[in-house]
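Let chain A serve as the given structure and place chains B and C on it in line with the hints.
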Amino acid sequence: MALLEVKNLEVSFGLRSGEVKALRNISFNLDRGERLGLVGESGAGKSVLGFSILNLISRPGRISAGEIWFDGQNLANLSAEGIRAIRGNRISMIFQDPMMTLNPVLTIGQQMVECLQAHRKISFDAAKTIAVQKLKQVYIPSPETRFDQYPHELSGGMRQRIVIAIALLLDPDIIIADEPTTALDVTIQAEIMELMVELCERNNVALILITHDLGVVSQATQKTIVMYAGRIIEQGPTKEIINDAQHPYTQGLMNALPQMAIPGQRLNQIRGAMPPLQRIPTGCAFNPRCDYAEEACKRELPTFTRSGNCQVACHMVAAMRKAEQTQEGV
Amino acid sequence: MTTQSQNKLPEPTPSAWQRFKDSNIGHSFIRDRVAQISFTIFLGYVIMALFAPLIAPFDPYDPNQIDIMNSELPPSWDAENGDEQFWLGTDAQGRDLWSTILYGTRISLTIGICAVLLQATIGIIIGLIAGYRGGRVDSLLMRFADVQLSFSTMMVAIIVLAIFQASFGTELYQELAMTMLILVIGIAEWPQYARTIRASVLAEKKKEYIDAARVMGLGPIRIMFRHILPNTLSPILVISTVQVANAIISEASLSFLGLGMPVSQPSLGSLISSGFEYIFSGAWWITVIPGVILVVLVLVMNMLGDWLRDVLNPKLYKG
Amino acid sequence: MIAFFIKRLFQAIIVMFVISLISFSIQDNLGDPLREMVGQSVSEAERQALRDEMGLNDPFLIQYGRFLGNVLQGDLGTSYFFKEPALEVILKKMPATLELVFGATIIIVLFSVPLGVYSAIKPFSWFSRVVMGVSIVGISVPVFLTAIGLIYLFAIELGWMPSYGRGDTVDMFWGWDSGLFTLDGLHHLILPSFTLASIMLPLFIRLIRSEMMEVLQSEYVKFAWAKGLHSRRIYFLHALKNTMLPVITVGGVQIGTMVAYTILTETVFQWPGMGFLFLEAVNRVDTPLIVAYLIVVGAVFVVTNTIVDLIYGLVNPTVKLAGK
Chain A
1 MALLEVKNLE
11 VSFGLRSGEV
21 KALRNISFNL
31 DRGERLGLVG
41 ESGAGKSVLG
51 FSILNLISRP
61 GRISAGEIWF
71 DGQNLANLSA
81 EGIRAIRGNR
91 ISMIFQDPMM
101 TLNPVLTIGQ
111 QMVECLQAHR
121 KISFDAAKTI
131 AVQKLKQVYI
141 PSPETRFDQY
151 PHELSGGMRQ
161 RIVIAIALLL
171 DPDIIIADEP
181 TTALDVTIQA
191 EIMELMVELC
201 ERNNVALILI
211 THDLGVVSQA
221 TQKTIVMYAG
231 RIIEQGPTKE
241 IINDAQHPYT
251 QGLMNALPQM
261 AIPGQRLNQI
271 RGAMPPLQRI
281 PTGCAFNPRC
291 DYAEEACKRE
301 LPTFTRSGNC
311 QVACHMVAAM
321 RKAEQTQEGV
Chain B
1 MTTQSQNKLP
11 EPTPSAWQRF
21 KDSNIGHSFI
31 RDRVAQISFT
41 IFLGYVIMAL
51 FAPLIAPFDP
61 YDPNQIDIMN
71 SELPPSWDAE
81 NGDEQFWLGT
91 DAQGRDLWST
101 ILYGTRISLT
111 IGICAVLLQA
121 TIGIIIGLIA
131 GYRGGRVDSL
141 LMRFADVQLS
151 FSTMMVAIIV
161 LAIFQASFGT
171 ELYQELAMTM
181 LILVIGIAEW
191 PQYARTIRAS
201 VLAEKKKEYI
211 DAARVMGLGP
221 IRIMFRHILP
231 NTLSPILVIS
241 TVQVANAIIS
251 EASLSFLGLG
261 MPVSQPSLGS
271 LISSGFEYIF
281 SGAWWITVIP
291 GVILVVLVLV
301 MNMLGDWLRD
311 VLNPKLYKG
Chain C
1 MIAFFIKRLF
11 QAIIVMFVIS
21 LISFSIQDNL
31 GDPLREMVGQ
41 SVSEAERQAL
51 RDEMGLNDPF
61 LIQYGRFLGN
71 VLQGDLGTSY
81 FFKEPALEVI
91 LKKMPATLEL
101 VFGATIIIVL
111 FSVPLGVYSA
121 IKPFSWFSRV
131 VMGVSIVGIS
141 VPVFLTAIGL
151 IYLFAIELGW
161 MPSYGRGDTV
171 DMFWGWDSGL
181 FTLDGLHHLI
191 LPSFTLASIM
201 LPLFIRLIRS
211 EMMEVLQSEY
221 VKFAWAKGLH
231 SRRIYFLHAL
241 KNTMLPVITV
251 GGVQIGTMVA
261 YTILTETVFQ
271 WPGMGFLFLE
281 AVNRVDTPLI
291 VAYLIVVGAV
301 FVVTNTIVDL
311 IYGLVNPTVK
321 LAGK
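Chains as they are written, first to last, in the working numbering: chain A, 1 to 330; chain B, 1 to 319; chain C, 1 to 324.
Careful, some of the hints might be misleading.
What the hints assert, rightly or not - Each computed SDA-like pair below joins lysine to any residue, with the alpha-carbon atoms no more than 20 angstroms apart: (1) C/Lys7 to B/Arg136; (2) C/Lys222 to A/Ala183; (3) C/Lys222 to A/Ile83; (4) C/Lys222 to A/Pro172; (5) A/Lys7 to A/Lys298; (6) C/Lys92 to C/Asp171; (7) C/Lys122 to A/Ser79; (8) C/Lys222 to A/Ser47; (9) C/Lys222 to A/Arg90; (10) A/Lys298 to A/Leu277; (11) A/Lys21 to A/Ser79.
Source of the hints: derived by calculation from the structure; they are not laboratory data.
In this text the structure is predicted, and so the values were computed from the model without any measurement.
In isolation and in its complexed conformation, chain A is listed as follows (with noise of 0.2 angstroms):
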């Protein structure tokens, strides 16, 4: 059974004009200790998605429909202290900003004690230890000295490799990282990246990493789910997403990638932009941008198909799978 099992999951922002759906139809798997990268634009519903798995969506969203189900609970509609419980113990979060993550009136000490404290029965001492111990997992020097120090005294880096081992403080079942490394110097990008897969796979932890940046994923993540205007248009094992995406989408982010692209030529845009949530087009979300987008396209919504250990949400895909499977046939 996985560890985690998102079941057509819906989030709404009730907002003046009326509801919009920022998140439709979600259901994706996670196993024990694997890496899932979270891939698409920014307002494709990836940040609304990680935060939705604790239930962290703010007035006016919600989750409208759909079911979270971990270690044999609905986190979907789970009670208050119910899901206070889960938060930080059992799945914790990585933001993105690690210079506003932490509270700039609190001690990285009070904030790392009293996060062990919430979940356990724990002295003071016995969580400085813990506390301690994890700061030298994330290779900060002189962790004792660290200890009481406030935010403002520490770098960027060294800021998120603390809220690192704020996520790691109870040996969580699931980290779920929401862009960790966008905030930072591009110098540091790599090593943060590094550890923290070195974390995940040390401790059997299982990494929900949300990222517009396909590089990472292909170097951390074991499988992609890719998504466009609040839905999964492809999801698979992430050599074979990279290697040989079928979605025109998820193609097109690849060929944008700086590498992909001809010295001294354009980068391979794709055209257009994602349309806001209260404006999605009929059919398939993505068709007025897409090369190969036909009547069907605009009429109706796609759904999944199996192509190799991939599912694709795309009527041009289908129809090629079909194809093939009648020329077997035949």
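For chains B and C alone, coordinates are given in the frame of chain A:
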């Protein structure tokens, strides 16, 4: 083909009303009942103030129209003692309360608006200079603003006016009261504007269009007034609404202490003050009616300020 | 810490210097001390002689120096009206004003924090709406009208509260007569304290609410939720501590306003404090008393602002106060 060519025709410029309705403010105004009511009441006050001489049945400044025998008459709905002539009653000197209130509203609003105009002028100029020049000029001016703010307006106003009154003598002071009130309230509150404008200037200065303007060879004054100032209009509007309300309260408080408008030419504050002596002997209307008029005026201005703040959501200087 | 105090002391000296200059020019220009002393009956020649003797014809700087020397020795002149040293007259009235400010501060702190926090946490509940509605009305009612209203309702109509004065007081140490330790004194304190609090309370409720709402949107509060902390700890430690930083700064600025409004409150309630005394002194053109009031109030400003800065430095770790 025809539809296409029609689409290419330039759209007629929308009417002023249409533009108002489409704008953020207009859109919110049409939906917000509280803002509409507040604005209507405020408009009513402005009309009262502007046309006080036309609306008022009596001239409270004309001694010939005042009869001391009419003093402390209750409002006309008091069947026993009321007089048809004076529908809100009369004050201790026998003036028609309604007329006196109309003129008092005129004085209160004039002082409030003029004081705020003065604040805004000083504050905007200092804020622009501090923000644009930066460096030592900036820190000096802002230091000065801090000190000025820490001595609250009321404190400064009370002391300055008290000293003026003591040294000029009451009679001369009464003639100058209005000017003095405007000057004191106007000068004491400039840091409110200066700090907000400075913050906006600092934010705007970083943007590329200012660099562009500078590269084009525009002078600092032109850049400040033509390019930066228009971008600071929404915080100015929000502050101004609240500041007029504050200035009116300050004026009323000073007049209540006997440091503001004289009883012979009363603002709402001095009217309340003059009535306070009689409230315990039963003549409640001299205090209560101008009091209600004052509170409603300040209240609608604060409501409008709140609403503008919500709609325009400017970055105001805090602290 | 030492650097902080030196900087503070320097600022205090500048502020007090400015106040002393203003005070001196008031003393110099307002009223003729000679007339107060000898009356009108003395001839012009004798007056000149007296003036010379008293040093009133000396150059400005010398006179100012003498004034400053006297001030530093605590000699602010003799009140024309009370025929007593002005500073003593003022200091005798100071406890009444301080107790009034104390009462109002307690009310403000006691109500503004819980109400502000509640209406930030539950902005859409009916109670928050009532709090916000009442607070905007509260801001719009001038202090003296609040005072009149409270007197009318609680003292005259209901007869629950005394309408003026300080009631019974007890002599404490250093000549401090306190109304805080008698039932009658406390009874008298209630209405004036609420009046003085009425102008600040809505301001602070609104400030705390808006700051708190902003803090609750911050990443570190979201992270605190993601850590699975109890909501109590998030609201009252993570959020409140950050909320209070700007509130403390504004509070420091508002102390001045509070002192100014004691004058209004004391006038309506005939509260025998410094503010009431000051207005009387203005009406009697009692120059030494006016000057003494200015200097005492200036000193109060300086001290309270220092305390506020100190508290701010203790709460906010990014301010290097301790100089580690």
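Would you mind confirming whether the straight-line C-alpha gap from C/Lys222 to A/Ala183 stays at or under 20 angstroms? holds (17 angstroms)
Within a Cα-Cα threshold of 20 angstroms, do C/Lys222 and A/Arg90 meet the stated pairing? holds (17 angstroms)
Given the hinted pair C/Lys122 and A/Ser79, is their Cα-Cα distance within 20 angstroms? Holds - the C-alpha atoms of A/Ser79 and C/Lys122 are around 19 angstroms apart, at most 20 angstroms.
Given the hinted pair A/Lys21 and A/Ser79, is their Cα-Cα distance within 20 angstroms? violated (23 angstroms)
Starting from C/Lys222, check that the Cα of A/Pro172 is at most 20 angstroms away, please. Answer holds: C/Lys222 to A/Pro172 is near 18 angstroms, not above 20 angstroms.
Could you grab the alpha-carbon distance between A/Lys7 and A/Lys298 and see if it respects the 20 angstroms cut-off? violated (26 angstroms)
Does A/Leu277 sit within 20 angstroms of A/Lys298, going by the straight-line distance between their CA atoms? holds (17 angstroms)
Need the status of pair C/Lys7, B/Arg136: alpha-carbon distance at most 20 angstroms? holds (18 angstroms)
Hint consistency between C/Lys222 and A/Ser47 [alpha-carbon to alpha-carbon, up to 20 angstroms]: holds (13 angstroms)
For a C-alpha distance cap of 20 angstroms, please report whether C/Lys92 and C/Asp171 respect it. It holds: about 12 angstroms lies between the C-alpha atoms, which stays within 20 angstroms.
Mind checking the alpha carbons of C/Lys222 and A/Ile83 for me, to see if they're no more than 20 angstroms apart? holds (15 angstroms)
Hint violations for this structure: numbers 5, 11, all remaining hints satisfied.
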